[in-house]
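> Under the working numbering, the residue at position 26 of the sequence shown is numbered 1180, and the numbers go up by one with no gaps.
Because the hints were derived from the structure by calculation, they are not lab data. Because the structure is a prediction, the values reported are computed rather than measured. What you were told as hints is all true, and nothing was included just to trick you.
Lysine to any residue pairs mimicking SDA-like chemistry, simulated, CA-CA at most 20 Å apart:
no.: 1; residue 1: K1324; residue 2: I1311
no.: 2; residue 1: K1324; residue 2: D1289
no.: 3; residue 1: K1324; residue 2: W1193
no.: 4; residue 1: K1324; residue 2: N1314
no.: 5; residue 1: K1324; residue 2: Y1291
no.: 6; residue 1: K1324; residue 2: D1196
no.: 7; residue 1: K1324; residue 2: G1310
no.: 8; residue 1: K1324; residue 2: R1313
no.: 9; residue 1: K1324; residue 2: W1253
no.: 10; residue 1: K1324; residue 2: A1292
no.: 11; residue 1: K1324; residue 2: W1312
no.: 12; residue 1: K1324; residue 2: N1294
no.: 13; residue 1: K1324; residue 2: A1295
no.: 14; residue 1: K1324; residue 2: R1293
Distance ranges between label pairs, derived from CB positions:
no.: 15; residue 1: E1216; residue 2: K1324; range: 30 to 36 Å
no.: 16; residue 1: G1231; residue 2: R1313; range: 39 to 45 Å
no.: 17; residue 1: E1187; residue 2: N1157; range: 31 to 37 Å
no.: 18; residue 1: K1324; residue 2: A1173; range: 33 to 39 Å
no.: 19; residue 1: M1155; residue 2: A1349; range: 31 to 37 Å
no.: 20; residue 1: N1157; residue 2: R1343; range: 25 to 31 Å
A virtual CB, placed ideally from N, CA and C, is assigned to each residue, including glycine.
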Amino acid sequence: MWNLQPTLVGRIVRLEPLARRHRDGLLAVAGDERIWEHWSFDPARSEADFDAWLEHCEAEAEAGREGHFATVLQASGEPVGSTSFCTVCEEDRGIEIGWTWLAPAAWGSGANTEAKFLQLRYAFETLGCIRVQWDTYARNARSRAALERLGATFEGIWRNYSIRRADGTKVDSAFYSVTDDEWPAVRTRLSERLAEA
1155 MWNLQPTLVG RIVRLEPLAR RHRDGLLAVA GDERIWEHWS FDPARSEADF
1205 DAWLEHCEAE AEAGREGHFA TVLQASGEPV GSTSFCTVCE EDRGIEIGWT
1255 WLAPAAWGSG ANTEAKFLQL RYAFETLGCI RVQWDTYARN ARSRAALERL
1305 GATFEGIWRN YSIRRADGTK VDSAFYSVTD DEWPAVRTRL SERLAEA
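Kindly produce the complete structure, drawing on both the sequences and the hints.
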């Protein structure tokens, strides 16, 4: 069975297995509504909602179905967001990177780029994945642009893929992926971007 929650260490961030010790730090940076604009729910709407989200993440990780991380700045040791491994298909050697959020103060800092690099490297070079995918709201221009900058391949739109719990609206999803054949070029591209960060 895959280890979905290793500690992944970079220069800008480290991804630590999401735990109760991260709760207060994450809650303190989660209040900006822009973070949750393209999520099906807003975990930061209340402390109870945030705790329910954290408990769900812990339960899924404990069951081995998903892996959730706190994105922690190396310089300060402060958490600035979270990211996850989900939609795990160990038999077919595929995994999804998702449920990523980052405090706006860390946008453009290289934190998200390095977090994705660390997750991709782990997926391809440790787990032996042949495919890593992302599913983002089709209207989420910021996320889609970030995926394209990573070098992910756009695969298409799945119409009415989900329902937004906050208001019941139907959501189209845009799917992106990187395959094992593409990983060496994507790795080089990301390494060059991170060297400039």
